[in-house]
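In the order they appear, the protein sequences are chains U and W. Here the first sequence is numbered in my numbering, starting from 87 and rising by one per residue. Here the second sequence is numbered in my numbering, starting from 18 and rising by one per residue.
Careful, some of the hints might be misleading.
As the list claims (entries may be wrong) - Label-pair distances were calculated between CB atoms; the ranges are:
#: 1; chain 1: W; residue 1: S355; chain 2: U; residue 2: S197; range: 44 to 52 Å
#: 2; chain 1: U; residue 1: A104; chain 2: W; residue 2: R204; range: 56 to 64 Å
#: 3; chain 1: W; residue 1: T62; chain 2: U; residue 2: A104; range: 25 to 33 Å
#: 4; chain 1: W; residue 1: A344; chain 2: U; residue 2: G138; range: 54 to 62 Å
#: 5; chain 1: W; residue 1: P260; chain 2: U; residue 2: S197; range: 26 to 34 Å
#: 6; chain 1: W; residue 1: W311; chain 2: U; residue 2: P123; range: 49 to 57 Å
The set of hints was computed from the structure by calculation and includes no laboratory data. Ideal Cβ placement from N, Cα and C applies to all residues, glycine included.
Now for the letters of each chain:
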Amino acid sequence: MNEGNSLYQDAIKQFARAAHGHGQLAAATGEAKLDNPLCGDRVRMQVAVASGCVTAIAHETRGCLLCRAAASVIGLQAVGHDANGIKAVAHDLESILHEGGPVAPGWPELSMFGPARGYPSRHGCVLLPFRALLAAMAESEMKHVQG
Amino acid sequence: MNSKAAPLRDEFPLLAAAPELRYLDSAATAQIHRSALDAVVRHETTRRANVLRGTYRLAEAADIAYAQARQTAARFLNAGSTDEIIFTSGATASLNLVAHAFGNTLKAGDRVLISLAEHHSNFVPWQMLRERTGIELNFIPVTSGGELDLVALPRLIDARTRLVAVTQCSNVTGAWTDVAAIVAAAREVGARVLLDGAQGVQHGPQDVQALGVDFYAFSGHKCFGPGGVGVLWGRGELLAKLPPFLTGGGMIASVTPQATTWALPPQRFEAGTPPIAQAVGLAAALDWMMTLDWQQIHARESRLCELLIEGLQRIPTLRLLGPAPSAARAPIVSFEISGLHPHDICQVLDAHQLALRGGHHCAQPLLAALGVEACTRASIALYNDESDVLALLDGLTFALKELR
């Protein structure tokens with residue numbers, strides 16, 4: 087299998103194994119648990135948000151290599167970003183998957199998902215952790231607004 | 018017919034056009050037989066008109082074809098009457114039809130007994146009925162091999178049980194249900210029996226009278242016919258007493274501003290324009306199936322299943338799900354490999370022209386009972402041969418290297 091076009095590049099396997107951010111937060115301000123209805127994969131994402139930016143993140147991801155690798159990228163990169171920044175990255179990731187769009191600035195690891203463009207049934211695997219992250223941040227924001 | 022060559026493969030247009038494809042996902046959708054495809058094309062190009070509405074010759078031709086399709090389905094199931102055959106959009110629609118029409122005759126406190134081995138399509142409709150009416154929903158547990166644990170049956174069924182709705186064959190493990198035991202227990206308490214035949218029909222014509230059930234549901238795409246069509250068979254005297262599910266054109270006797278009265282079955286349960294060409298195509302597939310030597314096919318499928326299980330058992334960290342290898346089963350084999358996700362396995366297999374399904378197979382309660390989140394499933398049909406099984410075993414060896 088050609089490494090350049092392979093869905094399962096070494097980078098994906100390495101990120102999945104590294105599981106950056108795996109675990110739980112003792113003081114999460116927001117949390118979300120999302121399922122992939124196709125296969126029952128599940129991501130539980132916890133965030134701590136201060137002044138609108140992620141200060142800590144943890145996730146428990148039960149899923150395929152693509153899902154685990156995406157969650158691991160989030161674990162490595164999400165701290166310091168605000169909701170709009172994460173939304174922009176998630177949008178760029180969708181663009182990579184759907185149209186072969188450019189990689190988001192500061193998130194070069196996402197290029198490893200480029201070959202997934204040819205596998206629409208797997209897009210949900212890659213996006214699930216990002217959707218969980220956005221839901222967790224939305225919950226954090228709602229709690230903050232409600233005081 | 019031997020296990021090495023599948024002479025039937027050439028009768029399936031997609032497989033004939035893709036000789037490199039190893040299709041092992043027939044439990045999800047079986048390939049369409051040439052006769053069924055031809056029948057759909059012939060109908061749509063020579064008899065396309067709505068049914069039971071027009072008096073012109075084209076409409077009459079469509080009526081006749083549709084009626085003949087109903088007769089064929091009745092013969093395939095050995096139904097007592099063609100009026101007991103209801104065409105639906107598939108097994109899911111058939112099961113939902115019963116959950117609404119029969120379900121609307123139930124009241125709070127009545128019981129419906131299903132099993133943990135059910136496909137979601139025979140699980141969720143009953144949960145919804147529970148929410149609508151307050152019925153009590155009970156569950157037959159499964160053994161470690163995924164078979165219905167009938168030891169528990171006596172304590173789960175009583176005079177309040179109005180319906181037992183179970184699968185004929187598990188879409189995950191291939192385990193066959195002991196239908197006779199279910200029917201006997203149901204009859205003792207006066208309960209009706211609905212059999213989900215979605216996985217059963219692929220393995221030959223059925224005899225609903227011998228099965229002794231009250232309802233039987235199946236899909237056309239599982240038995241070498243087109244998609245978008247299915248059948249619900251119900252006992253005539255039972256259907257006659259049931260209210261409709263969907264309402265609209267074609268299912269009424271008369272409509273006035275004050276009240277509407279219903280047509281007799283089967284039209285009462287076929288609101289709107291039915292899947293006419295699909296029913297004609299399904300009938301062609303069923304006609305073809307009725308010409309086959311099923312004893313020989315079953316023996317051949319069993320040999321392929323044994324070959325696959327033997328090979329899988331040699332893979333370290335692989336856990337087979339389902340009945341003991343020596344037990345009778347439909348040729349459906351599911352497994353998990355420690356540390357590898359079924360989606361990843363299936364993706365790598367796809368690169369080797371192997372089509373298998375990974376996931377929860379719309380049977381999450383069963384997988385939970387078996388202690389797995391997801392699994393990989395190979396389902397063998399009459400067009401598979403030994404080379405498909407050997408290619409799968411080779412593909413898995415490659416997947417182990419690729420993904421670890």
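Each hint tested on the structure:
{"no.": "1", "hint": "W:S355 to U:S197: 44 to 52 Å", "result": "violated, 30 Å"}
{"no.": "2", "hint": "U:A104 to W:R204: 56 to 64 Å", "result": "holds, 59 Å"}
{"no.": "3", "hint": "W:T62 to U:A104: 25 to 33 Å", "result": "violated, 59 Å"}
{"no.": "4", "hint": "W:A344 to U:G138: 54 to 62 Å", "result": "holds, 60 Å"}
{"no.": "5", "hint": "W:P260 to U:S197: 26 to 34 Å", "result": "violated, 58 Å"}
{"no.": "6", "hint": "W:W311 to U:P123: 49 to 57 Å", "result": "violated, 36 Å"}
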